[in-house]
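There are 4 protein chains.
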Amino acid sequence: MLVVMRDHASQEEIDHVVDRLHEAGAEAHLSGGAVKTVIGVVGEREVVYSLELEGLPGVEEVVRVLKPYKLVSRDFQAEDTVIRVGGSVVGASDAAMIAGPCSVESEEQMLAIARAVKAAGANFLRGGAYKPRTSPYAFQGMGVAGLELLREAGDEVGLPVVTEVLDVRDAEVVAEYADVLQVGARNMQNFMMLEELGKMRKPVLLKRGLAATIDEVLQAAEYLLKGGNRDVMLCERGVRTFETYTRNTLDLAAVAALRTLTHLPVIADPSHATGRRELVAPMCRAALVAGAHGLMVEVHNDPEHARCDGPQSLTPEQFAELMGTLGPILALDARRWGSAA
Amino acid sequence: MLVVMRDHASQEEIDHVVDRLHEAGAEAHLSGGAVKTVIGVVGEREVVYSLELEGLPGVEEVVRVLKPYKLVSRDFQAEDTVIRVGGSVVGASDAAMIAGPCSVESEEQMLAIARAVKAAGANFLRGGAYKPRTSPYAFQGMGVAGLELLREAGDEVGLPVVTEVLDVRDAEVVAEYADVLQVGARNMQNFMMLEELGKMRKPVLLKRGLAATIDEVLQAAEYLLKGGNRDVMLCERGVRTFETYTRNTLDLAAVAALRTLTHLPVIADPSHATGRRELVAPMCRAALVAGAHGLMVEVHNDPEHARCDGPQSLTPEQFAELMGTLGPILALDARRWGSAA
Amino acid sequence: MLVVMRDHASQEEIDHVVDRLHEAGAEAHLSGGAVKTVIGVVGEREVVYSLELEGLPGVEEVVRVLKPYKLVSRDFQAEDTVIRVGGSVVGASDAAMIAGPCSVESEEQMLAIARAVKAAGANFLRGGAYKPRTSPYAFQGMGVAGLELLREAGDEVGLPVVTEVLDVRDAEVVAEYADVLQVGARNMQNFMMLEELGKMRKPVLLKRGLAATIDEVLQAAEYLLKGGNRDVMLCERGVRTFETYTRNTLDLAAVAALRTLTHLPVIADPSHATGRRELVAPMCRAALVAGAHGLMVEVHNDPEHARCDGPQSLTPEQFAELMGTLGPILALDARRWGSAA
Amino acid sequence: MLVVMRDHASQEEIDHVVDRLHEAGAEAHLSGGAVKTVIGVVGEREVVYSLELEGLPGVEEVVRVLKPYKLVSRDFQAEDTVIRVGGSVVGASDAAMIAGPCSVESEEQMLAIARAVKAAGANFLRGGAYKPRTSPYAFQGMGVAGLELLREAGDEVGLPVVTEVLDVRDAEVVAEYADVLQVGARNMQNFMMLEELGKMRKPVLLKRGLAATIDEVLQAAEYLLKGGNRDVMLCERGVRTFETYTRNTLDLAAVAALRTLTHLPVIADPSHATGRRELVAPMCRAALVAGAHGLMVEVHNDPEHARCDGPQSLTPEQFAELMGTLGPILALDARRWGSAA
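Chains as they are written, first to last, in my numbering: chain S, 1 to 341; chain Y, 1 to 341; chain P, 1 to 341; chain G, 1 to 341.
Do not rely on the hints blindly, as some may be mistaken.
The list treats identical chains as one, so a pair stands whether inside a single copy or across any two.
[To be verified] The list that follows gives simulated cross-link-like pairs (lysine-lysine, DSS-like), each with its CA atoms no further than 25 Å apart:
(1) 199 with 70
(2) 67 with 226
(3) 36 with 70
(4) 226 with 36
(5) 67 with 199
(6) 70 with 202
(7) 70 with 226
(8) 226 with 199
(9) 226 with 202
These are calculated hints, taken from the structure and not from any lab test.
Please take these sequences and the hints and turn them into a complete structure.
Shown next as C-alpha cells:
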C-alpha cells in the first residue's frame, strides 16, 4: 500500500501517518520529492487492508498495490483448476455446456429438455427451482418439487445438474439434489451465503454481480476458497450499463482478463447477458474464443409458454444447431466438451 | 401492456399473438397503421406481467405501461406514510437524522458517540453489528455482542436504534435488539430476506442497490408491503457509475422522483454515497432540499482508529456543526426533526 | 508518478524501467519491500505525463499522483474566480440564473420569454441558435437568424446572452452576438474547439460530457485557460447511467467536489439532467445548496409547441414560482443573484 | 409512436393530446381500457419525431416505435454494404485488418510499421496525425507532416490509409491524403462534422461514442448517409462503465446486434477498448466470431518509446502471431481478408 501525501504536507502530518502505521504493526518507507511525499506500507495483508488512512490530515490518496485476494490468484496456483462432477469435467482444455430451462416447470418439460440438450452434446443440465424475481407478483419457482424433477431428469439422461441457491437456509436441501450450486448475480456479495457454501464440498458456480468489478468477483470467490471449497467456477453474465438494446452488456474482456488473473474456470452466460435469442449464438461462439471454459444457455421446448425467460430461450433445434458450430471453435485450440469418459 | 409488431408483420403472426393472449386470459385490442400493428393487452396485473411475448414471431417490442408495483404507489395511498419508532417520527414533515458509527466496536465507543449525536439533535442511532465486507480478510463486525452494545447505548440516550440484517437467519435476533431493521444495498434484491422482513412488524430501512433502478427499488419495497409490513423507508445511497472521485454517485433526482411516486419516507445516505468526509455536509443539505425525509450519517469519536469507514466519518464536532446548518433548511418549509414529544 | 512493479519483478526489469526514466529526463526513486518494488518518478509535469510505462516488462500498475491540470486548480489560485458579463456577475457569492428557451424560434417567442425571465429575476438569458440533435431529421436551430433574435431580446431586457457554439467554424460569428459562449456536453472533448475558444476573450460555459469524469472536465477547462481565457464556468448537466426514469443522473456531489478542486464558477443544469419538468425545481434548490454558483433552466412561454425540450421547460409562471423559493436559499449563506449594480 | 395516458386521465386531457396531434398533421388512434388510454400516432417520420408530448397534462409516457433511422437500416437495404478502397475490400465476406501505430511519429517509424503489418497480412494502414488528447500537455500529433508520412508509407506498401479527422476545418486536407476518414469516439455526435463528411465521397469509419447507445450510433451514421455518403463503416471501441481493470468495456453484443440492424460494415477496435496488450489478441478473435467485418489494431515497432498508447500496442512479431490465429477463424465461415485482387 502507498500513502500519497498532499503537495507540501507538513512534517507533522507525515509523522502522524507513520505513527499510525507503526501503531498498527506495519512498516513505513518514505520517499519524498520536492513537493510530494509518498509513504510505502509493508505489513501483513490483513493488517494493511484494515487500515483506512484516507481521512488522515494531509493524505491525498491511498493506493492499494497488493491484490486483495490470494487463494484465487494465479500467483498462488499457476495451473488451471479442473473440476470433475459426475462424468463431466470443466477447466483447462475441458469445456462445459450447461443447458436447460430457466425454471423447472413440470416433469414432462424437464425430461424433454434434458433429453434434447444431452442429445445435442451438453454435459451439464441446468434448471431453476427457486427464482429471483424483481416483482413479487412474478412466478417464484417450484421449490423442492422443482429440485426433485431436476434431479430426476439429470439422472435419467446422465448429466450433473446445476441449480441456484436463492436462500442460505436452503443450501443444505439444494445440495441434496444438485451437483453444482449456483450463486446468482444478486447474491454475489451475499457474504453469509458465500461463507456457508465455502464450508460445503459441492462445486459452486458464482455469477458476477450486475455492477461488480473483476476485483470484486475475485474477492467473492476468495470467500469460498477461504472456507475450504476449491471447486469454484466464475460466470460472466453481463454488467449493467446505459445500453438498453440488450438486457445487460456482456463483458468478454473480463473473461479474457479473468483467465490471466485466476486459475478458476470461467463460464459465460449469453442468455441472461443479452436477453435476446438472436444474439445468444454469436455470443456463445465469441465467449469460447475469448477464453471461456464453458457456456450457460437457456433452452426450452416451448419458449412461448415458458414461465420465465422465454424470449431468450433457444428451442432444442436452435440449440443443436448452435452446438454444431461450437465444435469447430473448440477444435481450433484442441479443446473438447469435458467428459471423464 | 402493448405489443408492438414489426413493420409488415403477417396476419398469421398477429393472430398468433392474439391467440396466446386469449389463452392466458387476457384481452387483445388491435390498432393498426399502414406498416405497423400495435396490440393493447388488458388483464390482471399478475397475468399480464407473467406474459413474456418478446420472443414470438413478428414481435418487435413489448411495452409495459402498467406500473409493476401497487401498494407502494401514490396511486394506492396519496398521503405520506409516517413512521413512529419509540419517541421518534419520520415521514411527511417529520425528518430523521440517523447517526452513529459504521460499526459497533466497544461499549465506550458506542456510548460516547450515542451521547454526542443525541446532544447534537439526532433522533435515531445507527451502528453495524454485522458488516458486509468485500474482502473476506476485513473486519466482519461484532455480531450479537455488537447488538447488545447498540441497544444499551440507544436505551441510555433514549434513541431508537437502526442496524443491518445481513443474514436472513439473523432476522429474529436482530429484531430483538433493534427498532429499525436495515436491508443493505447488496441485499436489496435478496428476495427471501424481503419476504421474511415483510412478515415482521418492525420498521425496515431499505437501501437502494448499487445498480438498481428507481423502479426496482419500488418493487423491492413492494415485497415488504405485500407481506404486510407497511413501515418501510427507502434510502438512496449512491449508484455505481464510471466516476471514481466519489465512491458512488448520489442520485438526488431519484429522491425527488421517489417523493412523487411513493408515499413511503425517503432517506439519503451521503456518507456511503460520497465516501469523502468533506462532501458529506453539502450533500446532507442538498438531500434535505431535494425532498429527503431524513439522512443517515456516519459519526465516529476517533475516525482514525475506526474499524471501517473512518475516511468518511464525521467527528462529533463536525456532526454538531452540520446539524447547526440543517435546522434553517428544515425551517424553509416548516419541517422539524421528528419527535413524538 | 509511481511505477508499481509486479511481485518478484526481476532486477533486470526494474533496471529497465529506471533506464527508461533517465532516458526521458526524469528521476527514479526506488523503495522495495520483500516482494514488491515501487519506483517513484520525479520530473516535469509534461515529461512525466508523456511517459506510458504500463506496458514495460514487470510493470504492474502506474499510479499518477500529480494532478493532470494546473491552471484550473485551487492550488494555483485559491480564491474563487468571479466573472463579470454586462451587468451580471457569477462566482464567489454572486449567483447566476441563466434562463430561456431551449431554442430560439421567433422574435415574439424570444421577447416574451426574455421579459418573463428578467421580470422573475434571472440575470442571464439563454437560447439555442444551433442545436445538436441526435437525429438528422430533428429541428436543427435557426442559425444566424436565431443569434440575431437572441441578441435583440437580450438588449431589450438588458441581460447578457448565453448560446452554444456547435461548430468551431461558427465561433467568430457566435461571438459577435453572444456574451457567453457555451460548449455543449457533446463537445466537451472537442479539443480543437477548446483551443479556439481559449484564444478568444469571451467567457465560456463548459458543459460536462455525458460520460466525463470530474478529472476530465477539469482537463478540458485547462485547455481553455492554457489558451489564455480565464473566464470559464463549468456546468454539471447529468451523466449517463443505467437509470432510465430521468434523462441523465444529476451528479451534485460533483458540484461540491468541483468547488473544492477548482476556483472556477460551477453551474448546474437540472433541465437537461432530469428531462422532467416536475424535478427541475427541487434539483435547482438542491444544486444551490450543494454549492453551485448558478443554474441553467429552460423556460418556454408555450411548452406544448416548443420545438425542443418542451417536456422539461418551465412556463414563465412556474419559473417565477421557482425563483421565489431560491431567494431564501441563497440568503442562507449570504449570497445573491450577481449584479454589477 | 404511442402516447400512454396516466391512469384515469380525463377526457379533456385525452382530447387535448388528440388536438395537438391533429394540429401537427398526425393521425390519432385511441384504444382504451378501464383505467388506461393509449393513443396510437400515425404520420410522417419527421413530423412524429418532432412531437414532444411528454409534458402534456395527463401523459404518462411516450413510446417511439418507429426506428429513428432509415437509410442505415436493413429494412431499407437488406444486403450488406461492401466498400472498396484501393485494392482492399470490407463488407459481407470480406474482412478488414486496419493496423498501424497510434500516432505517426517519423518516416522511419511509419515505413517500418507499414512494411511489417503489410507483410503480416493487414489490408489497411492506420496512423494518427491529429490526436485527441485529454490533457493539453500531451503530444497532439504531427499534423500535415504526419499525413504526408502516412500517405508515403501507404503508397510504399500498397495499402489504403485510415486516419482521423479531428477538426472539421481539416476535413478537406485530410481527405487529400487519406483513403478512409475516421471520426473518433469523441466526435461521434459532432453533427457538423458528420454533415461535412456526408457531403464528401470518401469512405468514413465512424467510432461509437464512449456513452453512445446502439441507436445513437445508427442515427449518427444516418447523418452521413443522408448527406449522400454511402461508404460508412461503424466501429465498436468499448463503452465507459464502472469497470476500471480495462480502459473501456468492449461491447461485442453490440457488434452482433448491429449486424442484424444495419447493412453497414462493423469493425471492432480491441486496442482502445481494453487498453491492455495481453487482451488485444483474444478480443480480436472474439470480435471476428461475434460477426465483426474487421479489426483495428495498434502496432508499434518500439512500443516502449511510442508517443501514445504504447501499453496497448502490439509489436510486429505479436501482430504477425495474431494474424496467424485469425485466418482459421475467418475460414470457419468462408471469409477472407478483403482484396480486390
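Quick rundown of the hints versus the structure:
no.: 1; hint: 199 with 70; verdict: within (18 Å within a copy, 41 Å between copies)
no.: 2; hint: 67 with 226; verdict: within (15 Å within a copy, 39 Å between copies)
no.: 3; hint: 36 with 70; verdict: between (32 Å within a copy, 15 Å between copies)
no.: 4; hint: 226 with 36; verdict: between (39 Å within a copy, 24 Å between copies)
no.: 5; hint: 67 with 199; verdict: within (24 Å within a copy, 42 Å between copies)
no.: 6; hint: 70 with 202; verdict: within (21 Å within a copy, 40 Å between copies)
no.: 7; hint: 70 with 226; verdict: within (9 Å within a copy, 43 Å between copies)
no.: 8; hint: 226 with 199; verdict: within (9 Å within a copy, 34 Å between copies)
no.: 9; hint: 226 with 202; verdict: within (15 Å within a copy, 35 Å between copies)
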